[in-house]
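When you get a sec, could you build the whole thing from the sequences and use the hints?
Protein chains: 4
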Amino acid sequence: ESTNVFHSQKDSLTQKLQDTESRNQALEAHLSELEQRLESTQMEREAFQKSLCSLLQLLDTKIFELTELRDSLAKLIETS
Amino acid sequence: ESTNVFHSQKDSLTQKLQDTESRNQALEAHLSELEQRLESTQMEREAFQKSLCSLLQLLDTKIFELTELRDSLAKLIETS
Amino acid sequence: ESTNVFHSQKDSLTQKLQDTESRNQALEAHLSELEQRLESTQMEREAFQKSLCSLLQLLDTKIFELTELRDSLAKLIETS
Amino acid sequence: ESTNVFHSQKDSLTQKLQDTESRNQALEAHLSELEQRLESTQMEREAFQKSLCSLLQLLDTKIFELTELRDSLAKLIETS
Numbered sequence: 052e053s054t055n056v057f058h059s060q061k062d063s064l065t066q067k068l069q070d071t072e073s074r075n076q077a078l079e080a081h082l083s084e085l086e087q088r089l090e091s092t093q094m095e096r097e098a099f100q101k102s103l104c105s106l107l108q109l110l111d112t113k114i115f116e117l118t119e120l121r122d123s124l125a126k127l128i129e130t131s
Numbered sequence: 052e053s054t055n056v057f058h059s060q061k062d063s064l065t066q067k068l069q070d071t072e073s074r075n076q077a078l079e080a081h082l083s084e085l086e087q088r089l090e091s092t093q094m095e096r097e098a099f100q101k102s103l104c105s106l107l108q109l110l111d112t113k114i115f116e117l118t119e120l121r122d123s124l125a126k127l128i129e130t131s
Numbered sequence: 052e053s054t055n056v057f058h059s060q061k062d063s064l065t066q067k068l069q070d071t072e073s074r075n076q077a078l079e080a081h082l083s084e085l086e087q088r089l090e091s092t093q094m095e096r097e098a099f100q101k102s103l104c105s106l107l108q109l110l111d112t113k114i115f116e117l118t119e120l121r122d123s124l125a126k127l128i129e130t131s
Numbered sequence: 052e053s054t055n056v057f058h059s060q061k062d063s064l065t066q067k068l069q070d071t072e073s074r075n076q077a078l079e080a081h082l083s084e085l086e087q088r089l090e091s092t093q094m095e096r097e098a099f100q101k102s103l104c105s106l107l108q109l110l111d112t113k114i115f116e117l118t119e120l121r122d123s124l125a126k127l128i129e130t131s
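Protein chains in written order, with our numbering: chain V, 52 to 131; chain L, 52 to 131; chain D, 52 to 131; chain G, 52 to 131.
It is worth saying that the hints were derived from the structure and are not from the lab. If you're wondering where the values come from, they're calculated on a predicted model, not measured in any experiment. Cβ atoms here follow ideal geometry from the backbone N, Cα and C, with glycine treated the same way. Please note that the accuracy of each hint is not assured.
Footprint (simulated), chain L over chain G, 3 or more residues, beta carbon under 8 angstroms [stated by the list, open to error]:
no., stretch
1, 53 to 62
2, 95 to 108
Quick list of in silico lysine-lysine cross-link-like pairs, PhoX-like style, CA-CA up to 20 angstroms [to be verified]:
no., chain 1, residue 1, chain 2, residue 2
3, D, K101, V, K126
4, G, K101, D, K113
5, D, K113, L, K113
6, L, K113, G, K113
7, V, K101, V, K113
8, G, K101, L, K126
9, L, K101, L, K113
From the derived model, a few chain D residues whose C-beta atoms are all more than 10 angstroms from chain V [stated by the list, open to error]:
no., residue
10, F57
11, T71
12, S73
13, A77
14, Q100
15, K113
Here you go:
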């Protein structure tokens, strides 16, 4: 009788342990996936920032060239 | 005798189950944190894109105004 | 006889004088026309320079606004 | 007596003719100077217009390059 009770308790514990371990594996897979997503998001962000920095430098060049054009126009008006 | 063996097995299973459950809780906390980070990253990205769109519209306006200035200069040269 | 010679000389001088005076009037008319043309050319040039100065100021404003846009983009990249 | 009158008239006409001729020469010199001034003014104007046309072409190029930059930014925002 007492032996049956023990067996039943042991089976129940073993089942619970298996469920918890398989839940663990699912969580770890999800975590790994999220970490990869965060990493690739971070890499995209850095690539995006790099492209924006290039555009900013190009804009600087264009503003500089417009300022040179402005100075040429000012000099032309002065000497006319 | 047999009772002692059963008790020892039951204790071992119970300990393993507790460890696995506490590992589970740690994983879930980590997951929740990562999900929040991904969400806030996403929100930052959207805010950033919105700001960039505003700058793009401003740039459109400036290019349009420079084109008007260019047309005024062309007309002035023509009539002189 | 001598009277005839004098009359002829006097007529010839009078004719020459009239020719020279009418040439004078033609020259003065031409001069006055040229002076008016120079004056109106000068006025056109001043109006043209004034218009160019307005365009130069407009260009200054556009360059200033592009520089502000550039600074907004730089700040946005920095904080992202 | 009559001879004296004729001599006096002839002298007076000769003097007037000389004055008018020298006035003629002065007018012709002034005219020639004004014509040269008008011509050099016209040449300056053409050189000025040529310089302005060069600046206009440069401005066209800068506006075109700013438009390319704008398109790059638009594409970058779209793909981010």
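Output the indices of the hints that this structure fails to meet, ascending.
Those not satisfied are hints 1, 4, 14 and 15.
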